[in-house]
Structure formats: structure tokens, C-alpha cells
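Enquirer: Got two chains here, each in a separate frame; can you build the complex from them with the hints?
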Amino acid sequence: MVSILQSEWFKFRHSKIMFIILTVPIIGIFLGFTSRFSNEDFEINEWYLSLLSMNLTYALLFLPLITGVLASAICRYEHQAGGWKQLLALPVTRGRVFIAKYVLLIVLVLVMQVLFFVAVYIVGMIKGFTDPFPMVIVWKSLVGGWVATLPLIALQLWMSILFKSFAAPFAINVILTLPTILVVNSERFSSFYPWAQPFLMMYIGGETGDTFYVPWVQLLTVVGGSFILFFVGGYLYFQRKAV
Amino acid sequence: MEYVVQTTNLSKRFGKESAVIGLDMKIRKGEIYGFLGPNGAGKTTTIRMLLGLMKASSGTIQIFEKDLNKEKINILKRVGSLVENPSYYPHLTAYENLEALRKILGVPKTRIHEVLEIVRLTEVANKKVKGFSLGMKQRLGIAASLLNSPELLILDEPTNGLDPSGIIEIRNLIKQLPAETGMTILISSHLLTEIDQMATTVGIVTKGKMIYQDSIESLRMYAQQKVLLKVSDSEQAWRSLLGNGIKADWEDGIILLSEHSDGKVAKAIHTLVHEGYSIYRVEEEKRSLEDIFLQMTTREKVI
Ligand SMILES: Nc1ncnc2c1ncn2[C@@H]1O[C@H](COP(=O)(O)OP(=O)(O)O)[C@@H](O)[C@H]1O
Ligand SMILES: [Mg+2]
Chain F
1 MVSILQSEWF
11 KFRHSKIMFI
21 ILTVPIIGIF
31 LGFTSRFSNE
41 DFEINEWYLS
51 LLSMNLTYAL
61 LFLPLITGVL
71 ASAICRYEHQ
81 AGGWKQLLAL
91 PVTRGRVFIA
101 KYVLLIVLVL
111 VMQVLFFVAV
121 YIVGMIKGFT
131 DPFPMVIVWK
141 SLVGGWVATL
151 PLIALQLWMS
161 ILFKSFAAPF
171 AINVILTLPT
181 ILVVNSERFS
191 SFYPWAQPFL
201 MMYIGGETGD
211 TFYVPWVQLL
221 TVVGGSFILF
231 FVGGYLYFQR
241 KAV
Chain R
244 MEYVVQTTNL
254 SKRFGKESAV
264 IGLDMKIRKG
274 EIYGFLGPNG
284 AGKTTTIRML
294 LGLMKASSGT
304 IQIFEKDLNK
314 EKINILKRVG
324 SLVENPSYYP
334 HLTAYENLEA
344 LRKILGVPKT
354 RIHEVLEIVR
364 LTEVANKKVK
374 GFSLGMKQRL
384 GIAASLLNSP
394 ELLILDEPTN
404 GLDPSGIIEI
414 RNLIKQLPAE
424 TGMTILISSH
434 LLTEIDQMAT
444 TVGIVTKGKM
454 IYQDSIESLR
464 MYAQQKVLLK
474 VSDSEQAWRS
484 LLGNGIKADW
494 EDGIILLSEH
504 SDGKVAKAIH
514 TLVHEGYSIY
524 RVEEEKRSLE
534 DIFLQMTTRE
544 KVI
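Going line by line, the protein sequences match chains F and R.
Following the working numbering, the numbering of the first sequence begins with 1 at its first residue and continues without gaps.
Following the working numbering, the numbering of the second sequence begins with 244 at its first residue and continues without gaps.
Bound conformation, chain R alone (with noise of 0.2 angstroms):
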């Protein structure tokens, strides 16, 4: 399998501290990659490596089938990022400083127009970013990282902060980005919400530790309500319901069914009513993304 992000064993640690412990991140073409986990889990650190910003303590990078130690330059020139707060030049309007920019990266002139479009910042191009608003130097930001038409765009919790409404219109923006280009996305947050909207993979880090990482839809089928069943002799009843051809779970003492429409939960019922098991108790789970994050994240447990 072809990635265009791979790390290996990649490790940080800042005196005793470890800020990333063995993550394993691969990231496929095309994707818009969630990098999701609480506030001091890593994910700028990461990323800053990623970047070559802040060198591995141990493991590998490899971008575009690259190893980053070897071919930083060549990697980086087909890379865009926005690494936590917005950067910028103060002094310097919002062209200029994207003029500042393509200086270096050899892009032509037409280019700081397009992204300024693509951003919406083409009225206050000539307006110094010191008086811009967190959302503009955001936006700005973004606009940067675009400059050279990256295949891979690394953004690094760029709604954080920012008002309902920019929130939403960065998103938007992010989300057109690959069907436009073709490009991949790693996309960092601390909201779930936030990543359940944009991405098509999900990576789940907590304490430096990738706990999680697979397709959105995959985590989407942890969030599916379960019916339980709590009966008597539960194992055996748990049998005689696959052999019966309905499909359960059994778990602690308790039967999961994994269908759960009315007709289905019903025939299970007469089924086990009919081959004399006492049920206690029908209910419902219902687990929100939200609580799947939460619990992954505070118990550091793979599921």
C-alpha cells in the first residue's frame, strides 16, 4: 500500500517526558486524514516533526515513500502547513506577506491572488495583518500553506478559537480542498465533531499513544445503539440464538444484539421465550462518538 504519510516507532521526549510514544500514523492518498486527541496529546508535537521542525527522539518519517531526514527539501516543497497558532508578519499586509513567502518558493505572482480568493481576503489584501482578527490571520494562514499548490496540506487545529461562523466557513473550505486537487489532508483537533465532519480516516492519540485509527465509518459502527440482554443461563442463550441464525454478542454475562430493529429484537425475545430462558432486562445502549472518544481517551485502551 502506497502512503503518503508513514510513520514508524515515531517517539518525542522532552527530558523524562514523553509527548509521543510509538505512533505508527500512516495517511493514504487522497485522504482527509483526522489527527484527533485531547489538549497535550501530542498531535503539535507530531506534527512539528512531521515538519522537521523538532528532530525524532527515535523512529522514522517517511512523506511521499521519503525518508524525511534524507529528502527534507524535496519533501517539503510539496508540502503546506499551519502549525498551531497562526504565523505571520506583522508589518507586512496580507499580500506582503505572502509575497515574502513566494519569494522563496519560487511560485508566480498570480498565485498570492488565488489563495487570497480562496480565503475570501482579497479586500483586506493591502491591510497590515497586525490588525487582523484571529479568523483573518487563520485564513491567512491557510492561504500560506496553499501558496504552493501542496499535495499534502498539514493543518494543525485551525479552527481553534475561533467564532461559530468562522468555524464553519474554514470547514467548509477544507472540505472542497481533495475533490478540487486531489490533495491529502492531515487535519489536527481536540473536537471530535469537528473531525466526525471533515474526515474520511480517523487517528486517535491520548497521552503520545495512537489508540485508534482506521476509516470514520468504522468509528461511526462503534457509535450504533446495541440492544442488551440480560437472561438467565445467558452463554447457552447466547447459542441458541446463533443457532437460530440471529446474530449477538456475548459479553460479561450479557447479550449484545448486533441487529437491533423492532422486528428483529422481537423475534430474538420469542425465540428465547420459547426455549424457556427468563429475560430481567431489554435495553438500549447508546453510545455517541463523543463518548467513544471520551472513553477511548480516558481509559487508553484500544477497543
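Isolated chain F (complex conformation) (with noise of 0.2 angstroms):
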């Protein structure tokens, strides 16, 4: 399991797909010099509202479209000159191959994260606020965001391990994600919609009873849901998967 994950880091480490990585902050930094918004008539902490613009187009449209292209990129070079049948007739589990490129995608989506809040810092920082740095909440949203982009990256590798083309799961992943945004106004469909999820997640104006902005039901029930859903759904599919 561990060789095959050092295998996979290995093979993604010595490709071009790493600077999709890189263009998260840069993202970030763009969202942050392009939202315009005021904190002289509010007496809240200025890196709130900071937080909230940058985080909602973000979580909303840059989120879930950035993974789903790390997990095509992660089974290209199994696609494009018959990778899986080398790999596969190695003395592999199907089920360890396809364990390893989750766990490798849900660590780069993690990084990901970290590097989206370095940018949300910086452009802090450039901006010259004084507040203190809400660090309590940005871990809220780091890993609450986290979480909710799990049961999407499952799904998005099935698709990506599916279709040989760069396109089709890029195109279906897009589809996913536009509703998300007319869904996000009704409180009782974006509840259950999971690609709503990384934003209810990373929304710091929501509900703070419980651990995460996102009631702890909700996030067993959706996101812990579709995560089972997706995640056995590519397991299975990929057993069977012929190459």
C-alpha cells in the first residue's frame, strides 16, 4: 500500500500537473485584489468580510473544479500509453491502486487549502490590516472545506478512471458544480446538494453551534453519504474495470 502510494507521488512529483497546485494561491490572491468591499462602516474584524468574498467564489466554483482536474491528471498517464495494463499486472491490488490515488488526491486537496489561506494572508497583509488573524475560523473553513470536497474527489476519480478523455469528467464535473451556484440561495436544496457542501463549509457567516458551519447531521448525512456512495461506487467499478 505504501509502495504504491510512494509510486504514485513518485510519478505526479516528475510531472508538469504540479503547478496546478501553485495556481491556487494565485487564485486566491486574484479573488482577494478583485472583491471590492468596504470595512470602514462595520465594527467586525476586517479579515472577515476578506474571508467571506474570497472564500465564496472560492469554495463555490474554484474548489471543486481544481480537484476535479487533479484527478484527471492523476490517471492521464495511466490513460495515455497503456499505464493501467502495466500497473495492473504488477502484483497490485486494484483496490490499493485505487486507495492510493484517492489518499494522494485528498493530501494535494489539503495542500491545496493550506495554500489557499497563505494567499487569503497575503493579501492581508499587502492590504495592511491590523486586526488579528482569525485563526480559529480559517481552520473552521481549511478543513471544514476539506472534508466536504471528499465525497466529490471520490466521484471525480471514478469518472476520471472511466473515460479516457481529459474532457468528459472535466465537462460532467462542471455540470456538477454550475447548480451549486443557483442552489446556494434556497437553505433547503443546497443542504442536501454535496457539491454545495465546500461552501456551506467555508462560509463564515453560517450557523457556529456546531463544530464545523455546517450542522454535524448535515455533514454525516450528505457529505458522509455521497462520500460512501461515490467512494464504494469507483471501488467497484474499478475492480471490474477490463484493460
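Keep in mind the hints are simulated off the structure, nothing from the lab.
What you are looking at is a predicted structure, and each value in this text was computed from that prediction instead of being measured.
Treat each hint with caution, since some may be false.
[Claimed, not checked] No more than 30 angstroms apart at the CA atoms, straight line, and that leaves these computed lysine-lysine pairs for DSS-like: (1) F:Lys164 with R:Lys450; (2) F:Lys241 with R:Lys490; (3) R:Lys418 with F:Lys241; (4) R:Lys315 with R:Lys346; (5) R:Lys309 with R:Lys510; (6) R:Lys418 with R:Lys309; (7) R:Lys370 with F:Lys16; (8) R:Lys450 with R:Lys315; (9) F:Lys241 with R:Lys510; (10) R:Lys469 with F:Lys241; (11) R:Lys346 with F:Lys16; (12) F:Lys164 with R:Lys272; (13) R:Lys418 with R:Lys269; (14) R:Lys346 with R:Lys373; (15) R:Lys298 with R:Lys272; (16) R:Lys346 with R:Lys418; (17) R:Lys309 with F:Lys241; (18) F:Lys241 with R:Lys269; (19) R:Lys490 with R:Lys510; (20) F:Lys241 with F:Lys16; (21) R:Lys346 with F:Lys164; (22) R:Lys298 with F:Lys164; (23) F:Lys16 with R:Lys298; (24) F:Lys16 with R:Lys352.
[What the hints assert, rightly or not] If you want the ones that stay clear, here's a sample from chain R, every Cβ over 10 angstroms from chain F, calculated: (25) Asn252; (26) Val322; (27) Val326; (28) Glu327; (29) Pro329; (30) Glu342; (31) Leu344; (32) Ala368; (33) Gly404; (34) Ser408; (35) Gly409; (36) Gln419; (37) Leu499; (38) Val508; (39) Glu526.
The beta-carbon is built from N, C-alpha and C at its ideal position, and this holds for glycine as well.
Expert: In C-alpha cells:
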């Protein structure tokens, strides 16, 4: 298991897809400087508004899209030149290969999350914020956003293994991501839509009664439920895939 | 008898179409088994099933006398393979390609240099595989298949698409392997000449069925020329030849002399003339291996 993960990391490390991750802080900084918000009328921590507006676009749009691109990228070199048959004729179980790819993906997404908040911090520094950096809030939305993408990544990995082309899984991902923009305005629908969960988990204006910005019940049922569905679906599909 | 590979009634259907039908493949230790058949005969499909890349529709596969379904990992640890077109990671160098596999196989790093040396790719070890010629990619594929020092090496059309010098290079490479390591090799091809020059045993498939499986010598026996005699009263004539201690076969009114030195033929004719049979024709039948292969694969009948 560890050896497969090491091999996956090795292949990834030597590829240009590394740079996909670096787009995250760039997007973050860009979002930070393009969003116009004024703090002067409010008596709240100046980081809050910055976080609110930056998290919005990032969690709604960029986060689920970039994880999809990463998932495709991580299967791309197997699709390209007979990599699947070479990899799967080695003494490995398909289950472990699937898990190794998934683990690598979620670790990369966690790194992305950290980079995003580094970008938020840089934006604040440049803008000359003097209020204390709200560490607790940042942690909550960083980890919360990450947890909420776990089911999405499982489905994206499934689709990336299923389709040889780069475009097909990407298109599916876009189609599933876009409705989020409409759905987030309705509390009723957004709580059930898996693609809306990263946004809700990173929406720092949300309920704070529970550990995250989303109630535990919703976390366990919607995020947990869709995770099990997508992960098991992808796992079983890969078991039977003929290569 | 101990077989390294033994399939029983192995079949694979794609929808309604059968790609492999009731295949019984038997490969003994140390053999170079030539798996021969025209394009679309089912060679790659069979090999994919042997490697667990594809599930069989029915039948069983035993490798190293273990059931593939039950002990896949243990079996694959001892197998090296190259299936169809070479597999590689284009963005990695030759060395890095092998390193990515080595991490999983857990063999020492020195083994990478060894296998690169065997396939003579040491000089381009640090070049990206993207820019390699087909022959170089093929050799890299063979290097990859040798990484774990396999006891069973499975190569699917390793010379397909190569130029003549590339073909000779790969052929020499493959021939030297079992001598050095006692490896068993399964190599598929659609070219008989290819198999003829390497294999010790041949299995011929066509339209998913195994129509011949025996040593290469037995196959060559069929290729030997025969002298055909067309005579009056052929069955009686044949019996009298046998009575005189001359080896012959009788088929469709034609006598076939299996011993065809000048002296033997002269003796047979002398005998027949002496006994009063009329001789209409004396013909020599030459069958090349290629003819036999063609005949077998088009007639789909076991000879
Ligand atoms: N994945 C597949 N789906 C449907 N048919 C297939 C598939 N793979 C192979 N076939 C069919 O099975 C037959 C055998 O193919 P193959 O094993 O590749 O032959 P060979 O390797 O001997 O040239 C062919 O008729 C081919 O079209
Ligand atoms: Mg083939």
C-alpha cells in the first residue's frame, strides 16, 4: 500500500501537473484584490469580509473544479500509453491502487486549502489589515472545506478512471458544479446538494453551533452519505474494469 | 506433469462474439512457448486473462500450479509482462519509468541499471520516453518486464511494428534469456518465422480456438517433404510396399512415401513395377511451415 503510494507520488512529482496546485494561491490573491468590499462601516474584524468574499468564489467554483482537474491529471498518465495494463499486471490489488490514488488526491487538496489561506493572509498583509488573524475561523473553513470535497473527489476519481479523455470527466464536473450557484440561495436545496457542501463549510457567516459551519447531522448524512456512495461506486467499478 | 501455465477450457465472450473458446494451454518450465495465430485470433485476450487484467467468461487458469483467481498477487510477483503496444509514462525518463515500477516491486535500485543494460538503453536512461522510437519503447517495455527477475515472462507480439534490425535485436535478447536464468517464456506472434526461430513449443490459435499444441520439432515434421505415388490398384500396391518393409501411407488413393531419399524412392518404385502395378505419377510434395500454418488457420481443423 505504502509502496503504491510512493510510486504514485513519484509519478506525480515528476509531472507538470504540480503546477495546477500553484494556481490556487494565484487565484486566491486574484480573488482578494478583485473583490470590492469596504470595512469602514462595520465594527468587525477586517479579515471577516475578506474571508467571506474570497471563500465564496473559491469554494463555490474553483475548489470543486480544480479537484476534478487534479483527479483527471492523476489518471492521465495511465490512460496515455497503456499505463493501466502495466500497473495492474504488477503484484498489486486494484483496491489498493484506487485507495492510493484517492489518498494522494486528498492530500494534494489539503495542501491546496493551506495554500489558499496563505493567499488570504498575503492579501490581508498587502492591504495592511491590523486586526488579529482569525485562526480558529480559518482552521474551521480550511478543514471543513476539505472534508466537504472528499465525496466530490471520490466521484471525480471514478469518472477519471472511467473516461480515457480529459474532457469528459471535466464536463461532468462542470455540469455538477454550476448548479451550486443557483442552489446556495435556497437553504432547503443547498443542504442536500453535495457540490454545495464545500461552500457551506467555508461560509464563515453560517451557523457556528457545531464544530464546523454545517451541522453535524448534515455533515454525516450529506457529505458522509455521498462519500460512501461515490467511493464504493468508483472502487467497485475499478475492480471490474477490463484493461 | 508440472506446468507453469495451464488453462482449462478458458473462454472469453465480448457480448455475443467469442474471442477465446475452450482454450487448453499447457506450458512447461523452461520452455519458450510460441503462441501463434493470425490477427484477431484471441492471443492478446488470452494473455490479458492470464495476467488478471480481464476476467475469463469461463474456464480456469493455473499459473505455478496456483489458481489465478485465488492467488493473483503471489503469482504476479513472479511474472513479468509486456502486453500489446508498449506501456510507458511519456513524461518520465526511461530510468524514472522503471523507478516508478520498482517502488512497487521492491527490488533494489541496481536492478534498474541491470535491465537497462540488458536491453541496451543505458545511454538514453535519462531521456524522456516521449521522444523514443517504437523499438526503444519496446525495449523499455521488456526491461520493465524483467525488473522483478520473473520466472515466467509473457511477451505479446514484442516485435510487432519494428524494423528488421529491431526484430533481430529483440529476438536475440529473448533467446538468451531462458539459457541464462531458467525462465519460462510465453511469446505471441502472428508470424510463424518469428516463432520458428525462437520457440521450443508452439500453440497455434485461430478464431479463438487452439488448433495445435506441441513441440516445434513435431510441427517441423509436418513440413517435411513427401513423395506421392499415383498407381493402379493403389490400396493393394500400398500393402505390398508395406509387405516389402517400405514405410508408406495411403490416403485418398495416393501412396505417400515417408522416407524419401533417392535410394528409398527407387526401391519402392522398383518393387511396384516388379509386382506389376502401373505407375502414373511420381510427385514430390513440399510443404513449408508457412503452408502448414496457413492451411491450419484457414481450415480450422486439427491436422
Ligand atoms: N475489449 C474488447 N471488446 C470487444 N471485442 C474485443 C475486445 N478485445 C478484443 N476483442 C475481439 O476479440 C478478438 C480477439 O482479439 P485479440 O485477442 O486482440 O486478438 P490477437 O491478439 O490474436 O490479434 C477480435 O475479434 C477482437 O475484435
Ligand atoms: Mg494481439
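Enquirer: For every hint, state whether the structure bears it out.
Expert: Against the structure, the hints come out as follows:
{"no.": "1", "hint": "F:Lys164 with R:Lys450", "verdict": "holds, 29 angstroms"}
{"no.": "2", "hint": "F:Lys241 with R:Lys490", "verdict": "violated, 57 angstroms"}
{"no.": "3", "hint": "R:Lys418 with F:Lys241", "verdict": "violated, 34 angstroms"}
{"no.": "4", "hint": "R:Lys315 with R:Lys346", "verdict": "holds, 19 angstroms"}
{"no.": "5", "hint": "R:Lys309 with R:Lys510", "verdict": "violated, 56 angstroms"}
{"no.": "6", "hint": "R:Lys418 with R:Lys309", "verdict": "holds, 27 angstroms"}
{"no.": "7", "hint": "R:Lys370 with F:Lys16", "verdict": "holds, 16 angstroms"}
{"no.": "8", "hint": "R:Lys450 with R:Lys315", "verdict": "holds, 28 angstroms"}
{"no.": "9", "hint": "F:Lys241 with R:Lys510", "verdict": "violated, 66 angstroms"}
{"no.": "10", "hint": "R:Lys469 with F:Lys241", "verdict": "violated, 52 angstroms"}
{"no.": "11", "hint": "R:Lys346 with F:Lys16", "verdict": "holds, 21 angstroms"}
{"no.": "12", "hint": "F:Lys164 with R:Lys272", "verdict": "violated, 38 angstroms"}
{"no.": "13", "hint": "R:Lys418 with R:Lys269", "verdict": "holds, 20 angstroms"}
{"no.": "14", "hint": "R:Lys346 with R:Lys373", "verdict": "holds, 21 angstroms"}
{"no.": "15", "hint": "R:Lys298 with R:Lys272", "verdict": "holds, 25 angstroms"}
{"no.": "16", "hint": "R:Lys346 with R:Lys418", "verdict": "holds, 28 angstroms"}
{"no.": "17", "hint": "R:Lys309 with F:Lys241", "verdict": "holds, 23 angstroms"}
{"no.": "18", "hint": "F:Lys241 with R:Lys269", "verdict": "holds, 27 angstroms"}
{"no.": "19", "hint": "R:Lys490 with R:Lys510", "verdict": "holds, 11 angstroms"}
{"no.": "20", "hint": "F:Lys241 with F:Lys16", "verdict": "holds, 27 angstroms"}
{"no.": "21", "hint": "R:Lys346 with F:Lys164", "verdict": "holds, 25 angstroms"}
{"no.": "22", "hint": "R:Lys298 with F:Lys164", "verdict": "holds, 20 angstroms"}
{"no.": "23", "hint": "F:Lys16 with R:Lys298", "verdict": "violated, 35 angstroms"}
{"no.": "24", "hint": "F:Lys16 with R:Lys352", "verdict": "holds, 25 angstroms"}
{"no.": "25", "hint": "Asn252", "verdict": "holds, 20 angstroms"}
{"no.": "26", "hint": "Val322", "verdict": "violated, 7 angstroms"}
{"no.": "27", "hint": "Val326", "verdict": "violated, 5 angstroms"}
{"no.": "28", "hint": "Glu327", "verdict": "violated, 7 angstroms"}
{"no.": "29", "hint": "Pro329", "verdict": "violated, 7 angstroms"}
{"no.": "30", "hint": "Glu342", "verdict": "violated, 6 angstroms"}
{"no.": "31", "hint": "Leu344", "verdict": "violated, 7 angstroms"}
{"no.": "32", "hint": "Ala368", "verdict": "holds, 14 angstroms"}
{"no.": "33", "hint": "Gly404", "verdict": "holds, 14 angstroms"}
{"no.": "34", "hint": "Ser408", "verdict": "holds, 23 angstroms"}
{"no.": "35", "hint": "Gly409", "verdict": "holds, 18 angstroms"}
{"no.": "36", "hint": "Gln419", "verdict": "holds, 23 angstroms"}
{"no.": "37", "hint": "Leu499", "verdict": "holds, 47 angstroms"}
{"no.": "38", "hint": "Val508", "verdict": "holds, 54 angstroms"}
{"no.": "39", "hint": "Glu526", "verdict": "holds, 50 angstroms"}
Hints 2, 3, 5, 9, 10, 12, 23, 26, 27, 28, 29, 30, 31 from the earlier list are contradicted by this structure; the remaining hints agree with it.
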